[in-house]
Amino acid sequence: MTARLGPHLKASALVLPLVLFLALFFVWPIIAMLKQSVSDPVVHNTLSQTSAIAAQWNGKAPVPAALQDALVADIRATTDRQEMGAVVRRLNSAKSGFRTLMRKTRRAIRKTDGPINLGEVDKRWNEVAWWHTIAQASSPYTDRYLLAALDYGRDKHNQIVALPEDASANRTILARTFVISLSVMLSCLAIGLPFAMVIASTSGWLRNVLLAAVLLPLWTSLLVRTTAWFIILQNNGLINSALQALGITDQPIPLIFERTGVIIAMTHVLLPFMVLPIYSVLLSMPGNLMQAASSLGAHPIVAFLKVMLPLSARGIASGSLLVFMSSIGYYITPALIGGPSDQMISSVIAFYATESANWGMAGALGLVLLSITLLLYVVYGRLSAEKKGVA
Amino acid sequence: MFPTVKKAFGILVMLFLIAPLAAILPLAFTSSALLTYPVPEWSMRWLTELVTEPVWRRSIANSLIIGGGTTVLATTLGTLAALGLRRYSSLFAGVLKTFFLLPMVVPAVVLGVGMQVFFVHVGIANSYLGVIVAHTVIAMPFVYVSVSGSLAGIDPRVELAAASLGASPSTVLRTTTLPLSLSGILSGAVMAFATSLDEVILTLFIAGPHQRTLARQMFSTIRENVSPAIAAAAFVFIVGTILVACLIMLVRMRTGGAMQKSVGPGIS
Amino acid sequence: MTEQPYIEFRKVSKVFGSLTVVDHLDLTINKGEFVSLLGPSGSGKTTLLMMLAGFEDPTAGDILLGGSVLNRTPPYKRNMGVVFQNYALFPHLSVAENIAFPLKRRGVAKAEIAERVNRVLEMVQLPDQSEKLPSQLSGGQQQRVALARTLVFEPNVVLMDEPLGALDKNLREQMQYDIRRLHRDLGLTIVFVTHDQSEALTMSDRIAVFNHGKIEQIGTPQDIYDRPNTHFVAEFIGETNLIPVKYREGDHSRCSVTTKTGKDLEVTSPVTLFRGTEVLLSLRPEHIELGDSAEGLENAMPARISDVVYQGDHLRADIEVDGTKLVARLGRHLPPHDPGDEVFIGFRPQNARVILP
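Keeping their order, the protein sequence lines are chains A, B and C. When we follow UniProt numbering, the leftmost residue of the first sequence carries the number 1, and every step to the right adds one. When we follow UniProt numbering, the leftmost residue of the second sequence carries the number 1, and every step to the right adds one. When we follow UniProt numbering, the leftmost residue of the third sequence carries the number 1, and every step to the right adds one.
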């Protein structure tokens, strides 16, 4: 036993640093992001007494006096204006009107040190609905971001409902992300499948040159490739200059900040991921199957449909999944080449995280993107595992 | 079957793949302030700006510091793990291997959001250490794949032979295993450096103004005030890539080892 | 034979870049004939087959089938069955589907397809395997499926490109026998590419020996073996001793030559030559006879045995004659000889053949 334990220990010692590193700097950040998507600590932390009592309340009128007293006490105890501001923002986002209500209430509380009847300060405190909002917000966890990520929310009865059209952009963005990814995948397939077949049908230096053409962009920086397209697609860029010089058009065709440009550039960037899996499948196939089909009486088109296509199906599936999976998370290319209506889910996540500091929404949309990606990866893993099994 | 169609198609696709890269190279040497053809006059103006303008100079230095740190950290961690896992094929080992490749799969923006939150929490946001750590997470899989590949290519009998000739396990590692997997380690290191050099998204989320890298600087230049400096920076990138590719070729030829280039998640 | 040739190559050439692979080649093949194209790799035999199948276009010349030019006919309209070296079975189709493939392309009715598939599987002795995938079969079985797939649509010609190269010796001999039997029973026209001379000798009606894109000699196995016309053919087919001699006199069948040491030998020659022409004498090892004296031997010469090796069914002896080293294949019933023994060798005139160097 000890004789076998030695090597295992050594192996563990070698693997452990990376495992710890990834646990700390890869897994933990993802968990942190996921936590952001469900955490709602503002009201819970600041209005702590209120939150404790609200947790006991059954939600029925009349509003318990203890809850009212706790709120007064919490407001009185919170001297940090920023902290209170965050609470007000949070409550107002759930039910508009809270901003004025809270301003009025705080002013009243600041005037006196004695007990206060909130109903007298503002009649709204007599309505259960406002207290419901506080009670809902007082839980440290929330599903509002996750629901909002899919354009759902809760109504006053706490039921899940679809958000109104004007407040729901996320589903549109998700749909757009899928449409763009699908277009990129299809154009990669349309170019990549025949090109892989061309490479497989060649040999010697010609094959090496063709492969190098596929690999070179893969080795080149993504940013550089995107920059290249940015320059080429401009209104006074290479493509439009060429078209105008040839007299095909007298006005520049808008390509930059347009959907077409995004799809062209992303196709260029992701094409190798389509070509290489298909090529490797074609390569594992005996080179004379098409000849065999032909000698058996199959027209080239029939031979392609009956022999080439079924045999390269696995490569096509792998390549398509790889391209699709990569494109749904794309950020740089749409950000630089696309217009406002070409932004994909990653751009929206980045917007929430870096520009509006809305971690909850960033986290929730991140969770959506992560789930889709991992799902696709599992399918892809299955596919490549099967391939190994067959070979 | 249709040789002309085939030839024409092949040439068109090659053009599509390579022409964009070729097209921006001359613009690095334009004298104009615009990124347009035809180039009015050739000039070193923009390449000079890269090394004289403090913003660009700073970002190049940052890229080298962060890229260097990432390369060392990712190569160390990835190589150790590949050595540790090389003899194992159990389910648990399989899970670990998949886990090591996962950073290639998780969308960078998702990772960026998480890191931003977490790094602020532990106090390494806006620091070189934070950026290096973040880049290491996504650069490590390339090292792992590359080193595992070259380790798998070593004939185990060579190591047994070394042991039978009187080498202790650590001597076998030092004199046999590591030299034989050198090409894998080096190409992994190069890929790690390239990954760090090219990284924009994580940097966007976690780097402060003092850690602005060349890629990050290019990204914001394109967004804010387009200037041929980006073509010059792209030129530096492409030349760097070609140099690095030549370096790898050289190492491959010298060690004679077959090198595996990973092309994507799970393809090894 | 008086009938017109079934397949005809007329001055066919194939050039790849600067390399001439097939060089102004003429060849005719009759219906029902089994012709082997034999030669070392790179001699153009496979290229010729590929041109016949339609996978390669000739650079010059015409290929005719039944009197009409085939050059522009695409492979799928030629109705020629090709058996490939690696079998080229469709890995995603079962045995039955592989065999049904050519029938489906020809629009044969379903019921008939099933019947014909079964019949051909019987023929190649592979019943009960029809549902398997090619990867589940052994090499020999795959070979039989490939053969069945070709035979099932009754092609005009069956083209075989080193079909037995991947099989081990026993299996190869069994397949040689089976292919031979199918050829005879079905009256097939077969063009068979091989680099294995014993395979060609066993199976063919005629053999075309290829070298550098040309046919060196074409004839029956016996012609090729017993009467090689060129140095290349003599060396490529079987084993032979080549003795440098000078032509002396005679007509084109029987003639005499002189050895280096001035001894005259009675031999045969395919052509009449000028006196004194330097030629080679080809003498097969099994045609060398051994005796203790010159008595009873034709063309007797004194010789010395340098080595004798036991080879199971025969003895192989290295012999020195006038400073020339010869190999002889001796019957095992001969009285034992030891290295160093002085003996006499001889051979019959019809067994020694003059060839041009």
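It is possible that some hints are incorrect.
With the C-beta cut set under 8 Å, the calculated list includes, among others, these residues of chain A facing chain C [as the list claims (entries may be wrong)]:
1) 8
2) 9
3) 12
4) 13
5) 251
6) 291
7) 292
8) 295
9) 296
10) 298
11) 302
12) 307
Keep in mind the hints are simulated off the structure, nothing from the lab. Every residue, glycine too, gets a C-beta built ideally from N, C-alpha and C.
Status of the hints after comparison with the structure:
no.: 1; hint: 8; result: 37 Å, violated
no.: 2; hint: 9; result: 42 Å, violated
no.: 3; hint: 12; result: 39 Å, violated
no.: 4; hint: 13; result: 43 Å, violated
no.: 5; hint: 251; result: 47 Å, violated
no.: 6; hint: 291; result: 5 Å, holds
no.: 7; hint: 292; result: 4 Å, holds
no.: 8; hint: 295; result: 4 Å, holds
no.: 9; hint: 296; result: 4 Å, holds
no.: 10; hint: 298; result: 5 Å, holds
no.: 11; hint: 302; result: 7 Å, holds
no.: 12; hint: 307; result: 6 Å, holds
The structure fails hints 1, 2, 3, 4, 5 (numbered hints given earlier, in ascending order).
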